[in-house]
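Undergrad: Please take these sequences and the hints and turn them into a complete structure.
Chain by chain, the residues run as shown.
There are 2 protein chains.
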Amino acid sequence: MKKLELDVRSFLYPMPTTLVGANIDGKPNYLVIAFCGIVNAHPPIISVSINQSHYTNIGIIENKTFSVNIPSADMAIKTDYCGLVSGGEVDKSAVFTNFYGKLGTAPMIQECPLNLECRLIQTLEFDVDTAYIGEVVSVYTEERYFTDGRLDIKKIDPIVFATHERAYYRIGDYIGQAWNIGAAFEGKDVIKKKR
Amino acid sequence: MKKLELDVRSFLYPMPTTLVGANIDGKPNYLVIAFCGIVNAHPPIISVSINQSHYTNIGIIENKTFSVNIPSADMAIKTDYCGLVSGGEVDKSAVFTNFYGKLGTAPMIQECPLNLECRLIQTLEFDVDTAYIGEVVSVYTEERYFTDGRLDIKKIDPIVFATHERAYYRIGDYIGQAWNIGAAFEGKDVIKKKR
Chain W
0 MKKLELDVRS FLYPMPTTLV GANIDGKPNY LVIAFCGIVN AHPPIISVSI
50 NQSHYTNIGI IENKTFSVNI PSADMAIKTD YCGLVSGGEV DKSAVFTNFY
100 GKLGTAPMIQ ECPLNLECRL IQTLEFDVDT AYIGEVVSVY TEERYFTDGR
150 LDIKKIDPIV FATHERAYYR IGDYIGQAWN IGAAFEGKDV IKKKR
Chain F
0 MKKLELDVRS FLYPMPTTLV GANIDGKPNY LVIAFCGIVN AHPPIISVSI
50 NQSHYTNIGI IENKTFSVNI PSADMAIKTD YCGLVSGGEV DKSAVFTNFY
100 GKLGTAPMIQ ECPLNLECRL IQTLEFDVDT AYIGEVVSVY TEERYFTDGR
150 LDIKKIDPIV FATHERAYYR IGDYIGQAWN IGAAFEGKDV IKKKR
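Chains as they are written, first to last, in numbering that gives the first Met the number 0: chain W, 0 to 194; chain F, 0 to 194.
Hint data in this document are derived by calculation from the structure and do not stem from the laboratory.
C-beta: ideal position from N, C-alpha, C; glycine also.
Treat the hints with care, since some could be wrong.
[Said to hold, decoys possible] No farther apart than 30 Å at their CA atoms in a straight line, the calculated lysine-lysine pairs in the DSSO-like style are these:
no., chain 1, residue 1, chain 2, residue 2
1, W, Lys153, F, Lys63
2, F, Lys26, F, Lys101
3, F, Lys192, W, Lys26
4, F, Lys63, F, Lys101
5, W, Lys2, F, Lys63
6, W, Lys191, F, Lys26
7, W, Lys101, W, Lys153
8, W, Lys191, W, Lys153
9, W, Lys26, F, Lys1
10, F, Lys101, F, Lys153
[Said to hold, decoys possible] Only part of the chain W face toward chain F is listed, based on derived beta-carbon distances under 8 Å:
no., residue
11, Lys1
12, Leu3
13, Gly82
14, Leu113
15, Ile180
TA: Here's what the structure looks like:
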């Protein structure tokens with residue numbers, strides 16, 4: 000099949016749907032963000048990119064803290080609502096049940112299966128978005144999201160963001176274990192390097 | 000339900016499963032990476048974090064180019080294979096059909112539904128991973144991945160990485176449109192701010 004060159008855009012698949020929390024004037028505010036990724040494993044450090052026009056920037060800069068909350072599919076309407084209205088116009092502090100962790104100023108959402116409490120360590124300004132690089136200082140969840148001692152993605156039921164369609168999807172079928180199923184590839188054409 | 004505090008780890012859900020391509024000694028090499036996210040919308044800029052022990056680092060630093068390839072679920076075995084063996088020990092250049100774009104040194108995978116060709120613009124060194132910040136200069140795909148003029152995530156069929164389970168999943172059911180379904184939230188408790 001012939002390759003087709005597209006307009007360059009942010010075509011990463013899949014992307015997460017997160018709710019980034021920040022306190023502004025002492026009140027919790029949440030914004031839907033898909034531009035989010037882990038940048039370091041130990042300690043865990045996460046990057047969250049936010050368009051410079053958003054109200055949320057004020058709170059992150061002011062407190063040097065923020066949260067990344069993972070909503071489940073049954074929270075999709077409220078989640079999307081947090082991307083439709085600005086905290087500058089609407090007080091979103093009562094959309095969810097809020098709680099705080101050890102940093103004291105990063106509001107988190109009780110209803111979300113997973114909450115990452117982050118301390119800002121670096122800021123990168125790009126053309127339209129600012130990347131907030133935060134160390135994850137605490138992670139909160141509940142017992143009911145585990146199966147056999149591990150967080151179970153089907154129980155968390157996170158929301159996938161499909162960027163070009165501007166749509167939300169759920170997680171589907173299990174494929175297999177990482178660092179495992181690849182052993183089945185015989186790699187006939189793969190050459191062991193001589194040392 | 001009571002919240003439980005976990006060991007801090009990189010608990011972002013969902014994460015993408017990508018194949019990061021780099022030329023080393025003029026030969027294509029691919030590594031599976033989940034630590035990947037968009038950091039700026041226009042121009043599209045992507046961050047890819049790679050453990051400092053990996054062979055791939057050599058090629059990105061040498062050429063100042065790399066690619067992010069999105070494999071589909073039917074490529075899961077070969078994809079996982081690229082995380083099981085190091086390019087320092089095994090020549091992975093024949094695992095997939097390679098092609099090059101305008102940068103000339105960022106190898107891409109013909110079989111992947113989507114290929115992002117990237118020019119390195121910044122490098123951030125963290126404790127164990129290095130974040131390579133790249134501008135996406137070209138995006139390649141095929142006609143068959145579109146529905147009604149938009150890339151269709153179900154046709155791309157990307158692989159979700161479930162970090163705590165160390166497992167791969169497919170995309171599931173459609174939930175709804177972003178910047179749309181949230182309008183159904185009545186927000187009884189939400190207060191319009193006085194101006």
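Undergrad: Does each hint fit the structure? Answer for all of them.
TA: Structure-based check of all given hints:
Taking the CA atoms of Lys153/W and Lys63/F, the gap is about 38 Å. The hint is violated against a cut of 30 Å. Annotation: proposed proximity of Lys26/F to Lys101/F holds, straight-line Cα distance about 17 Å (limit 30 Å). Using a Cα cut-off of 30 Å, the hinted pair Lys192/F and Lys26/W holds, with the two alpha carbons roughly 13 Å apart. At most 30 Å may separate the alpha-carbon atoms for a hinted pair to count; Lys63/F and Lys101/F meet this at roughly 13 Å.
About 24 Å separates the Cα atoms of Lys2/W and Lys63/F, which keeps this hinted pair within 30 Å; it holds. For a cut-off of 30 Å, the pair hint linking Lys191/W to Lys26/F stands: about 14 Å separates their Cα positions. Restraint check: the Cα-Cα separation between Lys101/W and Lys153/W comes to about 29 Å, which is no more than 30 Å; the hinted pair holds. Simply put, Lys191/W and Lys153/W have alpha-carbon atoms about 38 Å apart, too far for the 30 Å limit, and the pair is violated.
Of the supplied pair hints, the one linking Lys26/W and Lys1/F holds, its CA atoms being roughly 23 Å apart against a limit of 30 Å. For the suggested pair Lys101/F and Lys153/F, the alpha carbons sit about 29 Å apart, so the restraint of at most 30 Å is met. Because the closest C-beta pair between Lys1/W and chain F is about 7 Å apart, less than 8 Å, the hint holds. The criterion of a C-beta within 8 Å of any C-beta in chain F is met by Leu3/W, whose closest approach is roughly 6 Å, and the hint holds.
Hint on Gly82/W holds. Least Cβ distance to chain F is approximately 6 Å, under the 8 Å limit. Because the beta carbon of Leu113/W sits about 6 Å from the nearest beta carbon in chain F, less than 8 Å, this interface hint is met. At about 5 Å, the closest approach between the beta carbon of Ile180/W and any beta carbon in chain F falls short of 8 Å, and the interface hint on this residue holds.
Violated hints for the displayed structure, listed by number in ascending order: 1 and 8.
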